[in-house]
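Enquirer: Next come the chains, spelled out residue by residue.
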Amino acid sequence: MEIKHGAMAGTLESSDIMVTILPNPDGIQIDLTSSVEQYYGDSIRATMHRTLEALGVSSARIEAVDHGALDCTIQARLTTAVRRASREEVAK
Amino acid sequence: MDELEIRGLRPGEEAEMDALLAREGLRRDPWLDYAAGIFDGGTLVAAGGCAGSTLRCLAVDRSRRGEGLLSSLVRHLIEVQCRRGNFHLFLYTKGSAAPQFRDLGFHEIARDGQRAVFLENRRQGFSDYLRTLQTETPPDPAAPVGAVVMNANPFTLGHQYLVEQASAACGTLHLFVVSEDLSVFPAEDRLALVKAGTAHLPNVVCHQTGSYLISRATFPSYFLADDDAAALAQARLDGAVFARIAQALGVTVRFLGTEPTSRVTALYNQALEEVLPPAGVACRILPRRELEGTPISASSVRQALKDGDWALAERLVPPSTAAYLHSEKGQLVAARLRTAGQVIHH
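Chains as they are written, first to last, in numbering that gives the first Met the number 0: chain A, 0 to 91; chain B, 0 to 345.
In case anyone wonders, no lab produced these hints; they're calculated from the structure.
One or more of the hints may lead you astray.
[Said to hold, decoys possible] Residues from chain A shown here face chain B by an in silico Cβ test under 7 Å; the list is partial: (1) 5; (2) 7; (3) 10; (4) 11; (5) 19; (6) 21; (7) 30; (8) 32; (9) 64.
Ideal Cβ positions, reconstructed from N, Cα and C, are used throughout, including at glycine.
All chains, full assembly: derive it from the sequences and hints.
Expert: What follows is the structure, given as C-alpha cells:
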C-alpha cells in the first residue's frame, strides 16, 4: 500500500500506542518514544517493520508514542493508520 | 466513574477557560484558532487550544491531576490538527511541565531556563533541520562565522546594507530568511529577493528558518500584536533556539538591525542581547542605513506602496526588488497593501 498523506491512529492512554504515519521519499523511518523503550524498544520496532511489510508498505515515516501497548495493539493501530493514509481523499 | 466529555468550546464558555487558565497562572492567547475542554458534568476540568501548528494554553484543574486528563486533551488536539493536515506540531510550556509532555511524545528543542521550554512532536525534527543547514553550508566555512535573521518583507537597501556590513566582518555569513507565510510578501518571493540582493556577496549562505526561528510557533507576537511581557518571553525562547543553531554551525556573532518604528523588533533585540552572549554568541547591532535622514525599513516600503508612491518605494530597494515590485506578482502585493489597514510593523 502507498502512503498518500499523513494519518494517525491510537491514543496516549496507558497500554496503547499512538501512531502517526507520513509519506517518506525513501524507505521506512520509525521514530519511537516509549515508556518501555529500554526493555521493549527493539521488539516494538520489529513488530512495526513486520506489520508494514505484511501490508506492502515500503516507504513511510512513522512517529510512534507508546505507553506499553501489546503486540496485537501495535499491529492494529499501525494497520489502521496505514489504511487511513492510503485512502484516496484526505478526510477533512 | 463519571462520564467525561471532550469537545470544542462553545460560544460563551471562554470565560470558564480563562478562569481555569488564570488559576494555573496562564492566560489565553489572543490568537487561538480552536479551543477545547474536558467537561465533568457541567464543569470545565481541563482546557487547551490550537493556533496554527501549535498546541497552546493547556491547563488541568489542580484537583484533577493524575487522572490522565492532559493526555486525553492533547490526543484530542492532535486529532484536530491532523484533520487540518498539521502533523508536525509544536508547543511551549513551563520547565516544570516539560517531562509530562515528553511522555506524550513531545521532544525538547530549546529552553529558556525553567521559564519556558519549546517542544515538537517529531523526535528527529530539529536534528533533521540542523542537518539540512549543515548540508547547505559549503565545507570548511571561514571564521569568524556570523548570522543574520530577517523577514525581508520585502528586501530593502536597509537589509542589503546590513548584510554587506556583516559579510565584510565575517569569513562566512549565514543569512536566515523567515519561512512563516504570514507576511504580505509571500515567503518564496521574500527568499528569492534576498538571494538576488545578496548574490554579489560570495561568503553569504542563505537558509530558511522553517518552523524554528521567528515562526508562529516560537514567536507569534512577531506577527500578531500582543503585550510586551509575552513578546519578550517568546523572543527569549527564539534566542534559545538560535543558540542551538549557532552551536551546530559554529556561529559566534549575530548581527541585528535596529528597527526604530517597530516596538516588537526592539524587544526582540533586547531579548537576544540577554540570551545569546552567555551562549557564546556575541550580538552586534548595526545602525540602519538612512535615506535623507529617515531609516530605510521594509515598513516604509510597504507604506510607500500603500500610498501609491512608487517613486519613493523604488528609492528604498535594490534594483532586484524594484523589478519584482513592477512584476505581476509585485503588483498583486501592492494591490493588497493599498486595501490593507496598518502596514507598519507593530
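Enquirer: If a hint holds in the structure, say so; if it doesn't, say that too.
Expert: A quick look at each hint next to the structure:
The interface hint given for residue 5 (chain A) holds, since its Cβ lies 4 Å from the closest Cβ of chain B, which is under the 7 Å cut-off. Using the Cβ-Cβ criterion of 7 Å, the hint placing residue 7 (chain A) at the interface with chain B is satisfied: the shortest such distance is roughly 5 Å. With a cut of 7 Å, the hint placing residue 10 (chain A) at the interface with chain B holds, because the nearest CB-to-CB distance is about 5 Å. The restraint placing residue 11 (chain A) at the interface with chain B holds, with a minimum CB-CB distance near 4 Å, inside the 7 Å limit.
Look at residue 19 (chain A): its Cβ gets to within about 6 Å of chain B, closer than 7 Å, so that hint holds up. Checking residue 21 (chain A) against chain B: minimum C-beta separation of about 6 Å stays under 7 Å; hint holds. With a least beta-carbon distance of about 4 Å to chain B, the hint placing residue 30 (chain A) at the interface is held under the 7 Å criterion. Here the hint on residue 32 (chain A) is kept, as its CB sits about 5 Å from the closest CB of chain B, short of 7 Å.
Annotation: interface hint on residue 64 (chain A) holds; nearest CB of chain B at approximately 3 Å, less than 7 Å.
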